[in-house]
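Undergrad: Listed below, chain by chain, are the residues.
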Amino acid sequence: EAGVTQFPSHSVIEKGQTVTLRCDPISGHDNLYWYRRVMGKEIKFLLHFVKESKQDESGMPNNRFLAERTGGTYSTLKVQPAELEDSGVYFCASSPSRSTDTQYFGPGTRLTVL
Amino acid sequence: GQSLEQPSEVTAVEGAIVQINCTYQTSGFYGLSWYQQHDGGAPTFLSYNALDGLEETGRFSSFLSRSDSYGYLLLQELQMKDSASYFCAVSGGNYGQNFVFGPGTRLSVLP
Chain A
367 EAGVTQFPSH SVIEKGQTVT LRCDPISGHD NLYWYRRVMG KEIKFLLHFV
417 KESKQDESGM PNNRFLAERT GGTYSTLKVQ PAELEDSGVY FCASSPSRST
467 DTQYFGPGTR LTVL
Chain B
-6 GQSLEQPSEV TAVEGAIVQI NCTYQTSGFY GLSWYQQHDG GAPTFLSYNA
44 LDGLEETGRF SSFLSRSDSY GYLLLQELQM KDSASYFCAV SGGNYGQNFV
94 FGPGTRLSVL P
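Read top to bottom, the protein sequences are chains A and B. According to the numbering used here, the stretch in the first sequence is residues 367 to 480, in order. According to the numbering used here, the stretch in the second sequence is residues -6 to 104, in order.
For reference, chain B alone in the conformation it holds in the complex (with noise of 0.2 angstroms):
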């Protein structure tokens, strides 16, 4: 099976850097995506990372080690609508056909 692991809630406040954190188990993996949800909205592509290392794109950067099998999420120079929940997801599987979500962090950007 698989298993994924975030925290529940961060908060920050606007300008800082925030880093989600997301560790997993599973059977076969093939990548680890993030995904943002606003509230009431479906969630939303931000990253891919299939090899080690680190992920760049804008403001957000994303990080895997698979031999940790770990990754994260960082979130640079926060905005207020960057409140949202985050999630992590695995590729997992014989051929990457299990895709399976964190439970998902709740990111609060205070003023």
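Chain A with its partners taken away, still in its complex shape (with noise of 0.2 angstroms):
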């Protein structure tokens, strides 16, 4: 069975550039999540999918991130304009039907903005 997969897995660029992660859940994976770890901080919750919907984006920082799921499958994270303190590694996660299962998570994308 393949894993979540993220791409790419870095990406560098500038302050005020537009730049959008991809992340492929686990096949039949209802949910997926996308979270952010900055240089030696926790682990942030950005936002939770339930198939295409989206259920929960409280930790989405501002409106400079737009998260999509279209049909389902797999998801896209937007950033635009990227900002300095947008740097960071993005990590996906995907469970089955029930949101309480274990989160299986992609190798990240390892974002820097300068």
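In case anyone wonders, no lab produced these hints; they're calculated from the structure. Keep in mind it's a predicted model, so treat the numbers as computed, not measured. Wrong hints could be hidden among the right ones.
Said to hold, decoys possible - Simulated crosslink set (DMTMM-like; lysine to aspartate or glutamate; CA at most 20 angstroms straight-line): (1) A:381 - A:423; (2) A:444 - A:418; (3) B:74 - B:32; (4) A:410 - A:380; (5) A:410 - B:45; (6) A:410 - B:32; (7) A:381 - A:396; (8) A:407 - B:32; (9) A:407 - B:-2; (10) A:410 - A:423; (11) A:417 - A:434; (12) A:420 - A:449; (13) A:407 - B:2; (14) A:444 - A:390.
Since each chain sits alone in its own frame, please combine them into the complex, following the hints.
TA: Structure below.
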């Protein structure tokens, strides 16, 4: 069974540019989560999809972040325009039907905003 | 809201036993999970406690006391490869949909 995949693994952009991160969850997992870990700090929840619906987006830092999950499959997280404080590692995780199940994490996308 | 506390760092030697504590405050509680993260890697699941008591999985055990809002991860027969960050995470909210990580504990295993 393939795990959660994320693309790209690394992204270096300049302040003001746009970046789109992609996450492909484990096939059949309805729940998809985005997290961010800023250097040396804890992992912060961003948002939670159940299929194509946003269940909880209370962790999204501001309106420069837009997440979508078309058709309830893969998800994208767009940052536009990027700011320096957006740098960090963005993790995606998925879990089966019950949202309290174990979450399986992807390898993360390391975003550096210069 | 939800908040979790963990020690920031723990150091131990190979073969030793170490306990990483986690205390939490949450509105609604469904379970406590533990994740391991090596530098540059993704968090990987270690254990999950929904009920009070001890869960054992090989060298790792996890304990939960819901009345005390407290849990711990116990690592036995430490190996160098156990050096990593360990996060506790609480599933809370109305139906367990809120998943909040603790700040993480960096474990260093010395030879």
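Undergrad: It remains to establish, for every hint, whether it holds in the given structure.
TA: The hints, checked one at a time:
{"no.": "1", "hint": "A:381 - A:423", "result": "violated, 24 angstroms"}
{"no.": "2", "hint": "A:444 - A:418", "result": "holds, 16 angstroms"}
{"no.": "3", "hint": "B:74 - B:32", "result": "holds, 11 angstroms"}
{"no.": "4", "hint": "A:410 - A:380", "result": "violated, 23 angstroms"}
{"no.": "5", "hint": "A:410 - B:45", "result": "violated, 26 angstroms"}
{"no.": "6", "hint": "A:410 - B:32", "result": "holds, 17 angstroms"}
{"no.": "7", "hint": "A:381 - A:396", "result": "violated, 34 angstroms"}
{"no.": "8", "hint": "A:407 - B:32", "result": "holds, 13 angstroms"}
{"no.": "9", "hint": "A:407 - B:-2", "result": "holds, 13 angstroms"}
{"no.": "10", "hint": "A:410 - A:423", "result": "holds, 12 angstroms"}
{"no.": "11", "hint": "A:417 - A:434", "result": "holds, 11 angstroms"}
{"no.": "12", "hint": "A:420 - A:449", "result": "violated, 24 angstroms"}
{"no.": "13", "hint": "A:407 - B:2", "result": "holds, 13 angstroms"}
{"no.": "14", "hint": "A:444 - A:390", "result": "holds, 15 angstroms"}
Taken one by one, the earlier hints fail for this structure at numbers 1, 4, 5, 7 and 12, listed in ascending order.
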